[in-house]
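**Q** The chain contents come next:
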Amino acid sequence: MQAVLRSAAAALLPWLVLVALWEFAAARGWMTTTLFPPPSQFLQYAIESDFRVGFGKEGMPIPAAIVASSLRVVAGLFLGFVAAVATGILVSMSRWASAAVLPIVRGLAPIAPIAWIPIGIVIFGLGNPTAVFVVFTGVYFLLTLSTVAAVQSVEPRLVKTARTFGASKGQVWAWVIFPAVLPQVFTMLRINFFAAWMAVLAAEMVGLKNGVGMIVILGREMFNPNLIMLGICIIGVTGYAVDALLLFIQRKILWWKPAE
Amino acid sequence: MSSLKISNVRKTWQGERGLAVEAIQDASLEVSSGEFVAILGPSGCGKSTLLELCAGLEPVSGGEILIDGERVSGPNPKAVMVFQEHSLFPWLNVEQNVGFGLKMKGVHIDERWRRCREVLERVKLAKFAKHFPHQLSGGMKQRVAIARALVGQPDFMLMDEPFAALDFQTRVLMQQFLLEVWSGFRSTILFVTHQIDEAVALADRVVVMSAAPGRVLEEVKIGLPRPRSMTDPRFNDYRVRLTAHMEREVMRAAEVL
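Chains as they are written, first to last, in the numbering used here: chain A, 936 to 1195; chain B, 86 to 342.
In short, the hints are calculated from the structure, not lab data. Keep in mind the model is a prediction, meaning the values are calculated, not measured. Note that beta-carbon positions come from the ideal geometry of N, C-alpha and C, so glycine has one too. There may be inaccurate statements among the hints.
[Claimed, not checked] So the derived label-pair ranges between C-beta atoms look like this:
| hint | chain 1 | residue 1 | chain 2 | residue 2 | range |
| --- | --- | --- | --- | --- | --- |
| 1 | B | 339 | A | 940 | 44 to 52 Å |
| 2 | A | 1014 | B | 339 | 53 to 61 Å |
| 3 | B | 216 | A | 1087 | 23 to 31 Å |
| 4 | A | 1037 | B | 102 | 51 to 59 Å |
| 5 | A | 1087 | B | 324 | 39 to 47 Å |
| 6 | A | 1037 | B | 249 | 52 to 60 Å |
| 7 | A | 971 | B | 223 | 41 to 49 Å |
| 8 | B | 216 | A | 1025 | 46 to 54 Å |
| 9 | B | 223 | A | 1030 | 50 to 58 Å |
| 10 | B | 315 | A | 1013 | 53 to 61 Å |
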């Protein structure tokens, strides 16, 4: 517990220094605070506006926006991970399936998640499914490829060991190859999380009109730098929190290395 | 009574672009029940391949292997293999690793735990049942690997240089441990090694294999009572005799390269 606190403090310290410099510069008049408001200013703005942004139909509480964006990205990551591991393993089981499916996956993998936004809006309309779809496509193809690669790099000795203990082909896939590939694919998921997070924000900015991405756009539309800065901060902090959650899963649940 | 009979076995690996590599040329060997046989040979002589053929992990290219008169055509619960290292499932704890084979066979969970506990008691690892492989030392990991093999009460344990990755001190302790366990379970052991001392210290009989492609060159019965001491002059006689063979084969292997 003490170690956790210490590492949290270590991560926070550089930020405190940065904020202090920012405040200092703003107080000395080195920055135009109307364009680049310091935290003391935009946080106060958030408190004064009762943690709500926008008006009327477009208005929403900030906590609800954070929850909405986080749930979208987590749902998309979860579905993408599960589907990619399933596809990667099923495809690896048959040479024919790999030959048929992998070229397509390889062609779709380099497409930036943001590029899927118009397609998502056409298929699913303006709503949560589009955001989840964008995250899903952003990670699914890449993770399918990394699952296939992970299957190929499973320690042959583990497979041989399982077979010598009488495991059938299906049992080898279920009890050896499946658990062996999980950590590696999850690491790739974590690496690709940032791209997925950015895609959700972009989707919120251009179409969905709610969530954290919307806070920045509202700020722009209303010429309100406080709102823009607030939005940027929330995006950073929320992304950091989700990444910390992924890191936790990686370290505590999917902790094993392919060969130990 | 269980028996293993290897007759005129050949194994050729089909490499890329039709390039074939002959791993075993002509190996014949008979192992009778309860025997401890060491297969000694230079690195790359096909001795590990021979074990994998016995375990049914790979098909033979010629000849046949019989276990209790039955031709080996796939993995056989009567003959399990113990590998050098990195063969424990890192995501399973000690108990689950040991119970793996029983689980694959569909043994009921209560029965499984009872038998795992029993074996872990015997290899003195009961205290570590809930530990994960990365929390264990190299020697302990190999004890778990041996326990995992023993829990299914196999007739044959096929051991592929199981102690090669351990430091000298641990290796000597593990050899003693293996002999103790063997005297309790009385599985027949086929033990591959490239270390002469290890072969002489452990086996009833040492089979010397040639450099690649592997053939059985000679069989030496080790007529020493156990426990054996490396400082015994007779131990040394065997060592000298086997060293002469090994030297020749190592040189031959070097020439082939």
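**Q** Hint by hint, say whether it matches the structure.
**A** Taking the hints in turn, this is what the structure says about them:
1. For the pair residue 339 of chain B and residue 940 of chain A, the supplied restraint of 44 to 52 Å is violated, since their beta-carbon distance comes to about 60 Å.
2. In this structure the hint that residue 1014 of chain A and residue 339 of chain B lie 53 to 61 Å apart at CB holds, the actual value being about 57 Å.
3. Range check, residue 216 of chain B to residue 1087 of chain A: Cβ separation about 30 Å, and the 23 to 31 Å hint holds.
4. The hint said 51 to 59 Å for the Cβ distance between residue 1037 of chain A and residue 102 of chain B, and at roughly 23 Å that hint is violated.
5. Under the hint 39 to 47 Å, the C-beta atoms of residue 1087 of chain A and residue 324 of chain B, about 43 Å apart, fit the expected range.
6. As the Cβ distance of residue 1037 of chain A to residue 249 of chain B is approximately 38 Å, the hint placing it in 52 to 60 Å is violated.
7. Taken as a hint, the range 41 to 49 Å is violated for the pair residue 971 of chain A and residue 223 of chain B, whose Cβ atoms sit roughly 58 Å apart.
8. Checked against the hint of 46 to 54 Å, the pair residue 216 of chain B and residue 1025 of chain A fails, with Cβ atoms roughly 34 Å apart.
9. Checking the proposed 50 to 58 Å range against residue 223 of chain B and residue 1030 of chain A shows it is violated: the Cβ atoms sit about 38 Å from each other.
10. Between residue 315 of chain B and residue 1013 of chain A the C-beta distance comes to about 59 Å, which sits within the given range of 53 to 61 Å.
Checked against the numbered hints given earlier, the structure breaks hints 1, 4, 6, 7, 8 and 9 and satisfies all the rest.
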